[in-house]
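K.L.:
Just need the whole structure built from these sequences, with the hints factored in.
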Amino acid sequence: AQSVAQPEDQVNVAEGNPLTVKCTYSVSGNPYLFWYVQYPNRGLQFLLKYITGDNLVKGSYGFEAEFNKSQTSFHLKKPSALVSDSALYFCAVRDPSTGRRALTFGSGTRLQVQP
Amino acid sequence: DAGVIQSPRHEVTEMGQEVTLRCKPISGHDYLFWYRQTMMRGLELLIYFNNNVPIDDSGMPEDRFSAKMPNASFSTLKIQPSEPRDSAVYFCASSAPGTGVNTIYFGEGSWLTVV
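Chains A and B supply the protein sequences, listed in that same order. Under my numbering, the first residue of the first sequence is numbered 1, with each subsequent residue one higher. Under my numbering, the first residue of the second sequence is numbered 1, with each subsequent residue one higher.
Keep in mind that the hints were calculated from the coordinates and are not lab data. Check before you lean on any hint, since a few could be wrong.
[Stated by the list, open to error] FRET-style restraints, in silico, Cβ to Cβ:
(1) THR98/A <-> GLY42/B: 35 to 43 Å
(2) ASN17/A <-> PRO54/B: 45 to 53 Å
(3) ASP63/B <-> THR20/A: 42 to 50 Å
(4) ASN17/A <-> GLU62/B: 44 to 52 Å
(5) VAL12/B <-> LYS58/A: 37 to 45 Å
(6) PRO40/A <-> GLU18/B: 42 to 50 Å
(7) GLU18/B <-> LEU56/A: 46 to 54 Å
These numbers come from a predicted model, not from an experiment. Glycine included, every Cβ here is placed at the ideal spot set by N, Cα and C.
P.N.:
What follows is the structure in structure tokens.
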């Protein structure tokens with residue numbers, strides 16, 4: 001079975017500081033990993049994905065994520081946070097060895113960027 | 001291009017009533033997903049379709065829930081009879097065909113309140 005853990009319910013960071021939102025995963029094969037963002041009363045918006053290749057993936061709005069196979073992690077990062085980055089962030093995984101197309105999501109991490 | 005379109009955006013209904021949620025996937029997409037989001041359980045996959053055929057409905061809570069996809073551009077999720085514990089945000093999502101890792105795109109959600 002595939003699963004995702006986001007160990008922090010909330011992350012607080014000051015504007016201009018770097019941010020990290022943590023994600024660890026569990027799959028039997030090599031994972032496909034995703035980050036989505038949800039603003040209040042909106043749907044989920046795709047940020048970035050890791051399939052294979054370079055462990056550092058760049059995505060929308062200046063976000064990036066680093067895949068670490070030995071630690072089974074896929075942490076989301078941004079060098080300099082903006083107040084407008086405040087939102088709910090979801091990590092998701094898909095195990096291609098299962099043939100299953102759907103994503104399994106983590107519980108979400110609320111990012112609060114203070115001015 | 002239009003994204004995934006869901007209706008209604010908000011619905012308040014009384015316990016015991018039938019609820020029908022509607023979804024129009026992105027044109028050309030052949031995978032369609034229904035997810036439910038609650039505070040307690042996070043994002044859960046209910047069912048997904050490929051080429052209008054249900055592939056995995058293991059997440060459908062019980063017989064009160066049913067989903068159909070009569071054609072490539074329309075899907076419904078029906079709850080009959082509705083109960084207060086069905087109150088949640090229901091998301092429809094779609095992804096493009098092919099064997100690649102195609103991103104799943106979400107609609108804005110249907111906010112359901114059962115009183």
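K.L.:
Each hint should be assessed against the structure and marked as holding or not.
P.N.:
A quick look at each hint next to the structure:
Separated by about 20 Å at the C-beta atoms, THR98/A and GLY42/B break the suggested range of 35 to 43 Å. Distance hint check: the CB atoms of ASN17/A and PRO54/B are about 46 Å apart, consistent with the given range 45 to 53 Å. Distance hint check: the CB atoms of ASP63/B and THR20/A are about 44 Å apart, consistent with the given range 42 to 50 Å. Remark: the range hint 44 to 52 Å for ASN17/A to GLU62/B is upheld by a beta-carbon distance near 46 Å.
A hinted range of 37 to 45 Å holds for the C-beta pair VAL12/B and LYS58/A, which are about 42 Å apart. Separated by about 29 Å at the C-beta atoms, PRO40/A and GLU18/B break the suggested range of 42 to 50 Å. Against the hinted window of 46 to 54 Å, the Cβ-Cβ separation of GLU18/B and LEU56/A comes to about 49 Å, which satisfies the hint.
Hint violations for this structure: numbers 1 and 6, all remaining hints satisfied.
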